[in-house]
Amino acid sequence: MARRLGDGDGPLNDPRWLRLTPILPAAFLLCFLVVPVAMVVRFGLGPTAGAALTSWSTWQIVLLAAAQSVASTALALLAGIPLANVVTRYRFRGRALAQALLTVPFVLPTVIVALAFRQLFGGGTGLLLVLLAHAFVNLAVVVRIVGSHWAQLDPRATTVARTLGAGGWTAFRTVTWPMLRPAIASSAAVVFAFCFTSLGIVLILGDGSTRTLEGQILRRTSLLLDFSGASALALIQLAIVATVLILGARAGGHDQRLQPWPLLSLPTRPLARTAVLGTAAVGAAVVLIPIAALVGASMTSRNGLTLGWWSGLDSIDAGTTRLGSPMDALGTSLGYAALTGVVASAVGGLAALAVLRGRAGRAIAVIALAPLGISAATVGLGTLLAYGRPPADLRSTGLLVPIAHALVAIPLVVAVAAPSLRTADPRLKQVAASLGARPSRAFATAYGPLLILVMVAAAGLAAAVSLGEFGAASFLAREGSPTVPVQIVRLLGRPGEQSLGSASALAVILTVATLLLVLVVDGIGRRTAAGRWSLRS
Amino acid sequence: MSPPESTGIESTSIESTGLELVGLAIGYADPLVAEIDLVVAPGEVVAVLGPSGSGKSTLLSTIVGILPPLAGQVRLDGRQITDLPIDQRRVGIVFQEPLLFGHLDVLGNVAYGPRRRGIGRAESVRRALDLLEWVGLRDHARTPVGRLSGGQAQRVALARALAAEPAALLMDEPFSALDADLRTRLATEVVGWLRDRRISTLHVTHDLAEAQAIADRVLAVEPGSPGRLRSQFSEGTAQPTDDRSG
Chain H
0 MARRLGDGDG
10 PLNDPRWLRL
20 TPILPAAFLL
30 CFLVVPVAMV
40 VRFGLGPTAG
50 AALTSWSTWQ
60 IVLLAAAQSV
70 ASTALALLAG
80 IPLANVVTRY
90 RFRGRALAQA
100 LLTVPFVLPT
110 VIVALAFRQL
120 FGGGTGLLLV
130 LLAHAFVNLA
140 VVVRIVGSHW
150 AQLDPRATTV
160 ARTLGAGGWT
170 AFRTVTWPML
180 RPAIASSAAV
190 VFAFCFTSLG
200 IVLILGDGST
210 RTLEGQILRR
220 TSLLLDFSGA
230 SALALIQLAI
240 VATVLILGAR
250 AGGHDQRLQP
260 WPLLSLPTRP
270 LARTAVLGTA
280 AVGAAVVLIP
290 IAALVGASMT
300 SRNGLTLGWW
310 SGLDSIDAGT
320 TRLGSPMDAL
330 GTSLGYAALT
340 GVVASAVGGL
350 AALAVLRGRA
360 GRAIAVIALA
370 PLGISAATVG
380 LGTLLAYGRP
390 PADLRSTGLL
400 VPIAHALVAI
410 PLVVAVAAPS
420 LRTADPRLKQ
430 VAASLGARPS
440 RAFATAYGPL
450 LILVMVAAAG
460 LAAAVSLGEF
470 GAASFLAREG
480 SPTVPVQIVR
490 LLGRPGEQSL
500 GSASALAVIL
510 TVATLLLVLV
520 VDGIGRRTAA
530 GRWSLRS
Chain B
0 MSPPESTGIE
10 STSIESTGLE
20 LVGLAIGYAD
30 PLVAEIDLVV
40 APGEVVAVLG
50 PSGSGKSTLL
60 STIVGILPPL
70 AGQVRLDGRQ
80 ITDLPIDQRR
90 VGIVFQEPLL
100 FGHLDVLGNV
110 AYGPRRRGIG
120 RAESVRRALD
130 LLEWVGLRDH
140 ARTPVGRLSG
150 GQAQRVALAR
160 ALAAEPAALL
170 MDEPFSALDA
180 DLRTRLATEV
190 VGWLRDRRIS
200 TLHVTHDLAE
210 AQAIADRVLA
220 VEPGSPGRLR
230 SQFSEGTAQP
240 TDDRSG
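For the record, the sequence lines run as chains H and B.
Residue 289 in numbering that gives the first Met the number 0 sits at position 290 of the first sequence, and the numbers go up by one each step.
Residue 40 in numbering that gives the first Met the number 0 sits at position 41 of the second sequence, and the numbers go up by one each step.
Please keep in mind that the hints were generated in silico from the structure rather than gathered at the bench.
For each residue, glycine too, the CB sits at the ideal point set by N, CA and C.
Please note that a few of the clues may not be correct.
Short derived list, chain B residues pointing at chain H, Cβ under 8 Å [stated by the list, open to error]:
1) V63
2) I65
3) I92
Label pairs and their computed distance ranges (CB to CB) [to be verified]:
4) D206/B / Q151/H: 25 to 31 Å
5) L181/B / L62/H: 54 to 60 Å
6) V281/H / T187/B: 49 to 55 Å
7) T273/H / D82/B: 37 to 43 Å
8) I451/H / S175/B: 46 to 52 Å
9) L62/H / Q79/B: 57 to 63 Å
Reference listing, derived: stretches of chain H covered by chain B, where coverage requires no fewer than 3 residues with Cβ under 8 Å from a Cβ of chain B [said to hold, decoys possible]:
10) 153-163
11) 166-179
Please build the complete structure, drawing on both the sequences and the hints.
This is how it looks when you write it as structure tokens:
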């Protein structure tokens with residue numbers, strides 16, 4: 000059949016198999032998101048749920064976790080807003096490096112951040128350390144969300160306010176702050192949700208004053224075997240997190256014209272100039288110091304410098320005879336990461352591809368984003384309830400952890416892949432078709448190279464998520480084959496500097512692996528964002 | 000249209016000498032325009048013409064206090080303001096876009112300046128309402144600024160600038176985004192208001208016709224490295240322009 004140019008990017012030019020792309024994501028999400036969440040709901044309404052819901056200790060934990068999360072969020076905003084201002088609005092040497100460094104805390108596994116803070120503050124624990132670690136991890140969230148909004152605000156609005164008699168601080172308070180409010184509210188909601196559902200940081204750095212529902216869900220599941228009570232807590236947590244995220248998304252919106260503005264020159268006044276450069280330098284130092292503390296701890300013992308923790312990583316003694324060696328854990332984690340990468344990029348990639356096709360495809364993509372609002376422990380608990388017991392007991396297959404990790408990673412994969420796929424110029428497909436290519440070939444010509452690149456990036460991203468994920472793995476990892484974050488937490492539960500040294504060495508390896516993966520993903524992201532996949536006119 | 004007696008906004012004193020630029024050089028590392036000597040008398044409107052990138056907006060940024068001058072002084076009513084912070088200069092500015100504060104309504108925008116100048120809430124509101132009456136938008140006092148038309152929004156921006164009682168006003172092509180009819184009408188009205196209030200006004204534009212229609216004098220940035228400000232013949236006044244400008 001003759002093909003016409005100008006048909007648009009519609010179904011007429013698409014290969015038939017493209018219609019089937021939503022099937023795999025839909026089936027995966029049904030099996031591993033809907034069914035587990037339904038199990039949590041079912042068990043959450045079970046016999047001991049009432050006791051969990053009406054227990055004073057439950058609500059005490061809710062209040063403690065809420066207070067801790069509010070304080071952590073306030074700290075993250077306090078540190079993140081000035082950094083957002085500096086690294087997203089001003090032009091100075093080293094800005095790109097400062098910006099890249101500030102994203103590091105977010106990609107680092109939380110268990111590693113907790114360990115780094117523990118090393119940095121002499122092995123201490125307590126509320127203050129939990130707050131600092133939470134603020135550290137979420138610095139990137141605030142800088143990204145607030146910074147990208149701020150960079151799109153017309154800087155002349157502040158100038159106008161100044162000419163009307165407002166001093167620098169008054170202009171910020173009365174003009175800039177109200178304009179930033181939607182971004183601040185939305186970043187605050189995300190940070191709150193993260194801190195409220197924190198597990199790794201709370202387990203390693205926390206004490207009695209820093210309990211979270213997430214920790215209680217794990218405790219009820221693994222120690223008390225009270226699935227019903229755990230599910231009830233998961234439902235409470237889900238309701239609170241969903242409410243906060245919805246409030247954050249709705250807060251403070253008013254008409255604003257957003258557009259990218261050129262970077263500002265550094266202020267000419269020496270004091271203001273120093274403040275800008277000093278803020279960037281302090282931000283970079285804040286990121287680097289805990290990582291340096293971690294590296295230091297992996298190479299020091301009571302007797303001075305040592306490489307003993309590194310050389311002993313493959314021996315049983317370095318870890319625990321019960322759990323296997325740290326290197327075994329690394330092997331397990333890498334295996335899970337590879338599998339997660341394959342599953343998440345396939346499912347997430349197809350979900351992203353479905354976005355290119357009509358309303359049903361977009362609905363699938365939206366459902367694929369749902370795990371963003373569901374805590375890792377809820378995913379882990381739900382997966383355990385659905386597939387960790389007869390009749391569908393998948394525990395012995397070793398698939399539960401990668402499945403849960405894929406579920407956690409899929410929203411990120413969709414968020415990365417969908418916009419990238421949209422950068423492909425659909426006219427390439429029409430040009431290929433007009434040259435005689437059949438629909439599949441025309442589709443492959445237009446989207447193939449980009450799709451491969453996006454899938455590789457998505458797999459890398461998912462693998463990075465899997466390497467650092469702790470919440471779901473703590474529910475699902477088999478006793479004898481823990482992942483690295485689970486192994487680190489178990490090592491930290493044992494006394495002795497050898498455990499600490501091994502945990503630190505493992506953490507350094509995981510940090511390097513995660514950062515390498517993120518760098519690769521970032522590099523691919525930059526290539527696709529550069530718009531290489533279009534017709535050149 | 001003349002200003003109502005009841006606005007409560009005091010005009011610039013009769014002794015005021017207006018805006019003076021003395022040996023001013025503007026730019027970033029290298030001067031874009033140098034040797035600028037210009038006096039804009041109270042109530043006078045001076046237009047500066049020039050293509051994009053010629054330094055017009057940089058000139059305004061320097062006078063308003065965003066950029067320090069590379070050389071020379073900015074004086075207002077005989078007072079050296081070159082080193083004063085923006086908020087203490089009493090120099091207003093209106094851009095091509097109204098840049099209204101989206102979280103405030105029309106009244107809140109216009110009352111913003113008086114409030115920052117230390118005037119009480121009730122008095123600020125009264126002054127703002129008087130100014131809105133004057134620009135024909137009193138009925139829109141409680142309207143969210145997002146619902147205003149382009150012309151209405153620009154009137155509010157002007158009312159807001161005037162409410163802060165500036166001694167000099169800088170206009171960075173404030174009419175260029177409006178359609179031709181509205182542009183001419185609003186420009187004529189605004190210039191009338193500024194003359195009535197004896198505000199020294201510097202208006203930069205790339206539109207010769209607009210400059211000639213509203214300005215008492217027209218200057219142009221003459222290309223060069225650095226550029227110079229030269230006088231142009233103004234149709235409106237049929238007089239040669241300031242011979243000190245170049």
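Structure-based check of all given hints:
With 8 Å as the threshold, the beta carbon of V63/B comes within range of chain H, its nearest partner Cβ sitting at about 6 Å, so the hint holds. Hint status for I65/B relative to chain H: holds, with the closest Cβ pair at about 6 Å, below 8 Å. Satisfaction of the interface hint for I92/B is found here, the shortest Cβ-Cβ separation to chain H being roughly 5 Å, below the 8 Å cut-off. For the pair D206/B and Q151/H, the beta carbons lie near 29 Å from each other, so the given range of 25 to 31 Å is met.
At about 58 Å, the beta-carbon gap between L181/B and L62/H stays in the expected band of 54 to 60 Å. Distance hint for V281/H and T187/B: a CB-CB separation of about 54 Å, consistent with the stated range 49 to 55 Å. The hint said 37 to 43 Å for the Cβ distance between T273/H and D82/B, and at roughly 19 Å that hint is violated. As the Cβ distance of I451/H to S175/B is approximately 48 Å, the hint placing it in 46 to 52 Å holds.
Between L62/H and Q79/B the CB atoms are about 59 Å apart, so this pair conforms to the stated range of 57 to 63 Å. With 9 residues bearing a CB less than 8 Å from a CB of chain B, the segment 153-163 of chain H meets the requirement of three and the coverage assertion stands. Here the segment 166-179 of chain H counts 8 residues with a CB under 8 Å from a CB of chain B, which clears the bar of 3, and the coverage holds.
Comparing the model with each earlier hint shows a violation of hint 7 alone; every other hint is respected.
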